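> Here are the chains, one letter per residue:
4 protein chains.
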Amino acid sequence: MRTKEQYLSSLSDGREVYYRGKKVGDISEHPVLRIAASHASKLFGLDRSVQYENVGEVSRYFVVPRSSSDLISRHRLVYDSTMACSGIFNISQAIGSDAIFALHLVSRETDLKHHKEYSQRVKNYHESVAKNDLTLAVAQTDVKGDRKKRPHEQSDPDMYVHVTSIEKDGIVVNGAKAHTTQAAVSDEIIVIPTRAMVEKDADFAVAFAVPASTKGLKMIVRPIEELEGNSSAIISKQDYELETLTIFDNVFVPWERVFQCREYEMAGSLAVTFATFHRFTAVSYRSATANLYLGAALSMAKQNGILESAHVRDRLAEMVMYKELMRMSAISAANLPLMKDGVAIPNPLYTNIGKLYSNKNFSNILDGLVDISGGIISTLPSLEDQNEPFEKKYISKYLAGTGSGKERINSIRIAKELGASSQTGYMLTLMLHAEGSIEASKMALLKDADLVEAEKLVQAILEASAN
Amino acid sequence: MRTKEQYLSSLSDGREVYYRGKKVGDISEHPVLRIAASHASKLFGLDRSVQYENVGEVSRYFVVPRSSSDLISRHRLVYDSTMACSGIFNISQAIGSDAIFALHLVSRETDLKHHKEYSQRVKNYHESVAKNDLTLAVAQTDVKGDRKKRPHEQSDPDMYVHVTSIEKDGIVVNGAKAHTTQAAVSDEIIVIPTRAMVEKDADFAVAFAVPASTKGLKMIVRPIEELEGNSSAIISKQDYELETLTIFDNVFVPWERVFQCREYEMAGSLAVTFATFHRFTAVSYRSATANLYLGAALSMAKQNGILESAHVRDRLAEMVMYKELMRMSAISAANLPLMKDGVAIPNPLYTNIGKLYSNKNFSNILDGLVDISGGIISTLPSLEDQNEPFEKKYISKYLAGTGSGKERINSIRIAKELGASSQTGYMLTLMLHAEGSIEASKMALLKDADLVEAEKLVQAILEASAN
Amino acid sequence: MRTKEQYLSSLSDGREVYYRGKKVGDISEHPVLRIAASHASKLFGLDRSVQYENVGEVSRYFVVPRSSSDLISRHRLVYDSTMACSGIFNISQAIGSDAIFALHLVSRETDLKHHKEYSQRVKNYHESVAKNDLTLAVAQTDVKGDRKKRPHEQSDPDMYVHVTSIEKDGIVVNGAKAHTTQAAVSDEIIVIPTRAMVEKDADFAVAFAVPASTKGLKMIVRPIEELEGNSSAIISKQDYELETLTIFDNVFVPWERVFQCREYEMAGSLAVTFATFHRFTAVSYRSATANLYLGAALSMAKQNGILESAHVRDRLAEMVMYKELMRMSAISAANLPLMKDGVAIPNPLYTNIGKLYSNKNFSNILDGLVDISGGIISTLPSLEDQNEPFEKKYISKYLAGTGSGKERINSIRIAKELGASSQTGYMLTLMLHAEGSIEASKMALLKDADLVEAEKLVQAILEASAN
Amino acid sequence: MRTKEQYLSSLSDGREVYYRGKKVGDISEHPVLRIAASHASKLFGLDRSVQYENVGEVSRYFVVPRSSSDLISRHRLVYDSTMACSGIFNISQAIGSDAIFALHLVSRETDLKHHKEYSQRVKNYHESVAKNDLTLAVAQTDVKGDRKKRPHEQSDPDMYVHVTSIEKDGIVVNGAKAHTTQAAVSDEIIVIPTRAMVEKDADFAVAFAVPASTKGLKMIVRPIEELEGNSSAIISKQDYELETLTIFDNVFVPWERVFQCREYEMAGSLAVTFATFHRFTAVSYRSATANLYLGAALSMAKQNGILESAHVRDRLAEMVMYKELMRMSAISAANLPLMKDGVAIPNPLYTNIGKLYSNKNFSNILDGLVDISGGIISTLPSLEDQNEPFEKKYISKYLAGTGSGKERINSIRIAKELGASSQTGYMLTLMLHAEGSIEASKMALLKDADLVEAEKLVQAILEASAN
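Protein chains in written order, with the numbering used here: chain A, 2 to 468; chain B, 2 to 468; chain C, 2 to 468; chain D, 2 to 468.
Extracted from the complex, chain A is given alone in its bound form (with noise of 0.2 Å):
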């Protein structure tokens, strides 16, 4: 098991990273982005070691479930490591995981229909990932161009990565895979396709793996507004997550990296597999998160004197059901595991509830929040101001509410960054479309939906009527 500093210093491996039009040398020395990897470590500082079959002292994450109680623990996990980093996801073991235990099922069909050798490569680099704790990013969504249209519909083919040559040790592929969560701080890239294929579309079922520092692999960072943006930022001073433009130009990938290579008919296989386990680690981090909203709500409402309003109410109320629906999403999916050679795979159904619950609702957290806190948290005076010795005065003596105003304005801090900021945008895209989108969730929903039970219940009924 690695340390914090082991883990930072690993990022100093050449890794083609750039940031605001310049390329980054150190990544854990920069200003901005060393929150992100700092935010990353932490994972290496928490309680997540565990004794594995074989493989000897690994972290939790990579543990395969196999039962209710493993992916209860999986929850757990998750949840737990988001409350330890200030509510924000930490993805470094979460996502690589996912894709693991997705491409163990999908490689074992894989290789049984086509006689191929993926699962021994998943295994090995499972393994491999284990012992060396490493992080993982996974890059899935494609850049796409025109949605309408299929990979090879494409007027660019560059639109969806895909195989351009494969060679003795290794195939190459080019393409680029849009906001690819923790990419630059990440010791390893996984691949995987976006969405099903049709045999057209066959060298855009691609999937592999590879370190960040390989060649031709090209990471341009969003700019880190919530932090750069947000002058009074408390959270994003701690903990943030960055996402790339990840570009793959030529890169090399060998033989033993590869774990599907044009089997196009198991490309949406691999793709709703990893969704499912993504989303049951998307609902685990989500309800630790909703605390964010929730805790700012309550310490606004103190603040300004309105805890007992009944709207006041009622707004807490929709935040403690948003939250504690995510838990029991995971709580049912966990219970209610379909298992397929000896993984327990959460519960695709329940899952997706808590997944389209937390879409269609977070605005309304949101709204929330805003709600309760008032306008001060767009209005709030400069953090610059705050410390001006001439209108310190005026400011903790004019935004003070019940407590002092030196507290409430922190209360408003926090809000303001939650509720009124570059995060407050930033949130609400990745609630409605990190780990797929509304109409995703809703299709897998009717999909994974016993309708035939309602539909006997209703046959039955009449067929008793006309005895």
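Just so you know, the hints here were simulated from the structure itself, not pulled from any lab data. A hint or two may mislead.
Same chains, same names: a pair is fine if it fits in one copy or spans any two.
[Claimed, not checked] Think about it this way: if two alpha-carbon atoms lie no more than 20 Å apart in a straight line, the pair counts; the simulated PhoX-like pairs of lysine-lysine are:
{"no.": "1", "residue 1": "Lys341", "residue 2": "Lys114"}
{"no.": "2", "residue 1": "Lys124", "residue 2": "Lys341"}
{"no.": "3", "residue 1": "Lys407", "residue 2": "Lys457"}
{"no.": "4", "residue 1": "Lys398", "residue 2": "Lys23"}
Please read all numbers here as calculations on a predicted model, not as lab measurements.
Mind docking chains B, C and D on chain A? Use the hints.
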């Protein structure tokens, strides 16, 4: 364990039941009320027997839940028996056992505090009803008068059932309880307080059980308009539950059947503990009932040829979500029970979240069914028209959809019963008010929620920031 | 201008009306249907006469709107007449005039294009019905069969009313229209197409008018369960409207009453122009009808003693908003009309927004009424119980609220009729489907919206930024 | 009528403005604040002059509305000027005239009651600002301290602006107002009470106007993070409005500028009358602002190739509805004004309904924009990356949609600014809190609604039934 016939014959016990202004003689012969009795009797046809402790073979409803697994079994029992009764809840042994579980817990606490012997009485009563395989109604909601006032503040003290005299062998009670489900077809009526009480309310803090045929007990049944008022009714011809205005006109209750008498500070606890068990029952039957709406909507969508329309799929997804959210609530509540005196109480927070979701979203489910079904559910010609030879040719012909007119008419009849008949309003009221109001659930939810976790998170972030 | 009596006696004209499997003789004597006739007849008691152009004294319904002010008058006319009929729409001259206005506009266009003389026929028909002060039903919605298919694609061509033969003196039509409001108690039935047509649908592009007593016209009335199925009904005993399945069994229509015949490319225009006028009528009556729900909710809130509760006030505010949004829709649509050939067409965008709001929010209004009223609206003892001397004492006593039991029972009866009776489902269906579906309104809304203004704004910002 | 240049040069008047801890010298030269000034100055470039009574040529904002038609003109004026400023409200003469109209009405009433001469002062002030074509900020919302307490109950009396001394030539006031829009770039600050007052609050019942450069007046501007914190900002680089914490540190106000002084019973009336005029302004600018979201969503839907998807069309329909509902509110409020002393007050009910709809539905509009736009609005590479030659090739290439990368990036930048930047949170707060809270609007709505009409209807039905 009794048979259907034993149960049905037991109803002819001289009980005082009124329907539409007339005293009902033999309920199981009454053209309308016999369906409620027949519905109740279906319980006796189900597989529900179990060997229980030292009592012998009893109905599984009477098993005190002592673990998560017991609660899951109870959830399935309620779900399955609802499905076996056309999706309509069968309350016969469910609500009574919910009350008995609560009485066990609260009587023990009362005995400790007040040196009473209530818990032994509850135990005896429990064994007796279990051995005799009785059906039980629970009369909780008082008629209440002016809702702004406490029991003792009402201008007429009879607005809440209360003790009017304490005698050597027992007590005398007077008052009325509103909408007691299946009272007229139950063997026993259990009475518990509807709310928390203060010292001046002591006379209103009363819990007891009486046979349905007790002298002075009068039950006025609501008009069963879902049956009498819908010539096309199918479901209600097979299954419905009645409610009564249940009047206690100076009813004498012997001591061995008195479970609370003037211990006002325990009234709220009894009301809430019962509510928790009963809301767990509620989310269990509601998930089953939801199949009716989903099944009817699927059937109409197919008959109308609109199953693939995006707005139809959205509506169906909401119905699936509704149904499964109830189950998520039950599963989560079962998995994280409160343990008290060896009894597993369903997690109140998760129970209430399911309950609240059901309250707030049922009208949306209705809306979806009506939207998918079309105006025809309100304008369907009467059953008499459908049988009349001259008209039949027109009606079957003109009501055809993707399938035959006959098939579509069957679907319409079900959809009409659920979405455009007297049953519609009945179910909407049930879904909003049964097992406690929205406001009551919200209050419970905020009380049971772990708000401290959220507040601590925000506090920790602020502290880390100060360093 | 006719009197009530003249109107009522005119119904005995041999029309072929069926109710519950029996042919109805004199409608105004039928125990159930006479209420629909009596409701219609109330129109003749209202102040609605006006001197109109060269026609003389006519009902204000027949005045073609030529200005904003005319439209506002029409809105008030519909609103006031609804209020005069217990909050229940009186369609008798409203829908027919909506159709005539649309026929004027579309027939003029058709004549220009096809060198026909439809517009003169429409003019003559308009004058004749105005002079004779007739009541008119409009049969638009075909029975439709498989909704995925166009008229000509249906396996049974009769799924849409269509021309089966063109003869010297007129045409013969066959088919059926669904849910024609008040057809059985109207003097005339106007038929128009339900949708846009393509060339192969030409036979289905047909518009005409026939007297209700026309040979081959058969009307099957829906069962009036809001009256027959609710022993406590108050509103429906005074006012309701019936719908019929309206069958045209090879009906002959003379040329002077044919307003469209195979001009398929005008069918959509006629359907939409009528819909616009009729949706303006709809928002007008719906704002009046909303008073029923608001009034009932206020009454129950007072009787229950909860008028000042925050959640009750929220519900009432939603009801006020619902009612007034309908009026805002009418006022705005009247103030910004489309002018065409001197006719003021209500602004389609503002009309549709009101319509859509009404569709989407009615179930929420229902929900509010039920929430405020309490479970008692479903469990109210029957009227027979309330009259029976023995029980009366209990019922009046125990149903008392802040006021007497008698007063509260009256409030409950109204609230039950609206919120927990057959009328509930009927109104929900009406509010969702009458005057066009949600999807139809959405489509219209996007078509009529000025999207270009928004696009230009964004374009202008981008251009200013580039400079 | 002043020119842009005259206005801008007038800002160098020694006013005490602070930004990020520093006193700002010349605002129109400040790199950030000059944009707020430039935004305000756009007003002077618009066609807004009119000959007004005996005052001469003035800005149309200063015309007292005396008819429906005047109100419609005012609605258009606000709408058009918002459209001319990138969809961002230009408050410069709008809010001040709203306050002046309210001051006219309330001062007349106060004079009658208290034999004062406020109305002449208001008249003189009105003429003076109109003649000099001044820009005006209105400081209404006090900092408030503990929201549960009235002004006189606060532990620190300065929590509401109040009179500390009454002198021969005027009064001295102390306290602070929160979030005063555009105060730092306005010529004048008008102060009015924020709520109704009781007798003990008399010192807090104070209204007056002062020039922005008045001694003791200090304005601390919020950090403009939508500009400084979003490297891709386009709109905010052209148009935004600032808010200040506006401190009155023992400011002297001469009598001729005092419009209310201790007439506590008129404070509520002034607050509400202003709110009504200003909410009419609000729905007018909000309908224009809505074009931004609609335009951005349309643009993203096209670039992503999803314009025809059902869920996208649903979202667009909601945006159209939002925009047009604001206009319906304005049109209806203008058409049914309250007339008082010859002044046309926008109908308060219709104004509040628009306002409330806007408050409650804005987060849904945001949600729609984010849903349509996709995750890319949060992960768009920075502007610096887009300019850097090496990366440009990748970025333009990989961000292409149905059109070129360059076009789509422009759309993304706008969508990001609105949906995933600091502006997102700012606008959400604005839409929820500006011009009064949701609870305030609900209270106003129920107060202004005609509840009697609904109650009478129900009463009439019951009476008719009794006969």
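> Please go over all the hints and tell whether each is borne out by the structure.
Hints and how they fare:
1. Lys341 with Lys114: within (16 Å within a copy, 54 Å between copies)
2. Lys124 with Lys341: within (16 Å within a copy, 46 Å between copies)
3. Lys407 with Lys457: Classified as between: cross-chain Cα gap 18 Å, same-chain 63 Å, threshold 20 Å.
4. Lys398 with Lys23: Classified as between; 19 Å across copies, 43 Å inside a copy.
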